[in-house]
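There are 2 protein chains.
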Amino acid sequence: MDTLIQHTRLEQFIIQVFLAMGCSSDDAKLATQTLLDADLRGIDSHGVARLSGYIRLWEVKRVNATPVIRVVHETPSTAVVDGDSGLGLVVAPYAMKIAIEKAKAVGSGWVSVCNSNHFGIAASHAMLALKEEMIGMVMTNASALVAPTFSKERMLGTNPICVAVPAGDEPPFIADLATTTAANGKLEILQRKGADAPLGWIQDEEGSPIQNAHALKNGGALLPLGGDREHGSHKGYALGAVVDIFSGVLSGANFGPWVPPFPAYVAMPENQPGKGIGHFFGAMRIDAFRKSSDFKKDMDLWIRRFREATPISKDQPVLIPGDPERACQLEREKNGIPLVESVLNDLHSIGEKFNIKL
Amino acid sequence: MDTLIQHTRLEQFIIQVFLAMGCSSDDAKLATQTLLDADLRGIDSHGVARLSGYIRLWEVKRVNATPVIRVVHETPSTAVVDGDSGLGLVVAPYAMKIAIEKAKAVGSGWVSVCNSNHFGIAASHAMLALKEEMIGMVMTNASALVAPTFSKERMLGTNPICVAVPAGDEPPFIADLATTTAANGKLEILQRKGADAPLGWIQDEEGSPIQNAHALKNGGALLPLGGDREHGSHKGYALGAVVDIFSGVLSGANFGPWVPPFPAYVAMPENQPGKGIGHFFGAMRIDAFRKSSDFKKDMDLWIRRFREATPISKDQPVLIPGDPERACQLEREKNGIPLVESVLNDLHSIGEKFNIKL
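Residue numbers (our numbering), protein chains in the order written: chain A, 4 to 361; chain B, 4 to 361.
Treat the hints with care, since some could be wrong.
Copies of one chain are not kept apart here, so a pair can be met inside one copy or by any two copies together.
Said to hold, decoys possible - With a straight-line Cα cutoff of 20 angstroms, these simulated PhoX-like cross-link-like pairs (lysine-lysine) come out:
#, residue 1, residue 2
1, K360, K189
2, K317, K134
3, K278, K294
4, K32, K360
5, K278, K299
6, K278, K300
7, K294, K134
8, K356, K317
Hints in this document: simulated from the structure, not taken from any laboratory.
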């Protein structure tokens, strides 16, 4: 049975934990917001469930709680940011704000980031653009769990792409997707249940399709969106590769099989070509293209027309990207965030370690 | 039996056809180059096979052979271009060049285009960035053939995304993909063969999975990359939607079910909210992020490492996006472009119409 906890109560706890790690007050609030965004939006794999993981990375000195984040190269519309091994949860909003400032000045801003760490959910950062009447784009690479088409070797992370687009009277369009058939968090849910995965999600260590949700632990790999060649896995592979290149190669971060692993106990890959994990952020001012009111009117029309697309079943209308997460957020802001027992125990252990009461 | 024809011979013929339509000499060459790029790269559905389609659009005055293409709104890093109903084959390189000029000036350039037509293959335009040491990005919307997840209505085009990235000693990385399980051209090949499609490519008019490759003619729809909900079709739908928004909504073109159809005999959708078809172009200068030589060195490393990823079968190494098309181009530049009988007959009819000898 899950325990429900009010997000405001969780917020105070997480802030205290980040402060205890040595984060500044501003950074602790930023990092907490990103984790809470994940839990509120129903991306449970990327919320407080990961707090202990961030702490362990800090304990082995792979996360710097007091980074000096800085722009190392820039033009009017672009920049590379060095995250100084900071929490991705802090580096990401810093970089997104630079993209937004550049978009204010010259129409769009594009920031590639090296020397960072896991940044939580991409949507949390992309949504920063919305209140500025901008489109936000966010990508990140991640440690290799995904085999390219025709390979049995893990070469790419689940490398998500998020695009957030403001609308007028309608809520914003927010697409946030791993470039794999299923995100690793979905697989973890099946692992906890002891259930099989659908074919097309994973392969075993020899590259054969497999349904055992634990196949990754035995040398298997997640599959790119598409699942197999016949169903377009080469497209999912290409999209994951683009994310890797924009995030890793363009910034001087690590890429491909060299991206640092999230679990602190996993050894770093040898012969790393770059620094830390890489991200990519973009912001485009709507009125750098069209009158904002015209765009919003058309965006409302887009959303309404797609919502009214003829459904296959009367019970399941067509969704707009972002709908399920927004519904979840409304429900959880009211009723609280459900924590599974293992996560609750994890938080209690963290509380004891830092002498903070949950 | 296919007829082989040297691309240089085909080139002269196509240029003459576009000149006969009234295109300027420059425009005729541009349009021809894009069609030839498709045939050389093996994207047979988007090459000369479409020439008669463009002519029919011109005959019904949906294509303007002498457009006054112009920038209608801009900032230092962005622009909206009105294609004046010109051939997309001409409007697209015009817009891409504006993106490139803006990237030269301020690091990146992003151009959304309205009032255009079908632009051939996206890669042809994205590759223009490569010789400038830039990353090129190209998207376009297209007439609705694709049903969003949970819908039986056609709402999106096959909406491709292309990303071209320069490397050093290695050939460039060129990903060019429809955001559907399979592009319509792949389906047309099965239709000609009378073969079935794999499950996950199409659905029938009630939204049920179907293998009959002719299902589209009976009210069916192509499926977003992923194929079904369990295999991530909501991600393919979201990606196709992003392409539609960037190309159509951001520029003031049509979007969703309102995008003009390619076949001239198909009536235009009613109550169109915008002008023509929409495209989106991006160019990012490599040295707006990193020293170009450092980037190229890392890009070469990326490509080589992925090429060496452990294959599932020794007979099929891992491919880099762009590999198959480049191999095809080398072969066809040498041996000629194979034309199926129906396309050859089509070209002869065009030749007779304009009194041009093939």
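Status of K134 relative to K294 across identical chains (alpha carbons, at most 20 angstroms): Intra 16 angstroms, inter 34 angstroms, cutoff 20 angstroms: intra-copy only.
How would you label the pair K278, K299 (within, between, both, or neither) given a Cα cut-off of 20 angstroms? Between copies only: 17 angstroms across chains, 40 angstroms inside a chain, cut-off 20 angstroms.
Measure nothing new, just compare the shortest in-copy and cross-copy C-alpha distances for K317 and K134 to 20 angstroms and report within, between, both or neither. neither (34 angstroms within a copy, 52 angstroms between copies)
Could you figure out if K356 and K317 sit no more than 20 angstroms apart (CA to CA) within one copy, between two copies, both or neither? neither (51 angstroms within a copy, 51 angstroms between copies)
20 angstroms Cα cut-off: does K278 pair with K294 within a copy, between copies, both or neither? The answer is between: 16 angstroms across copies meets 20 angstroms, while 41 angstroms in one copy does not.
Treating 20 angstroms as the Cα threshold, decide for K278 and K300: within, between, both or neither. between (43 angstroms within a copy, 15 angstroms between copies)
Using 20 angstroms as the alpha-carbon threshold, which applies to K360 and K189: within, between, both, or neither? The answer is neither: 30 angstroms in one copy and 60 angstroms across copies each exceed 20 angstroms.
Within a copy, between copies, both or neither: where do K32 and K360 come within 20 angstroms Cα-Cα? within (18 angstroms within a copy, 72 angstroms between copies)
Of the numbered hints stated above, those contradicted by the structure are hints 1, 2, 8, listed in ascending order.
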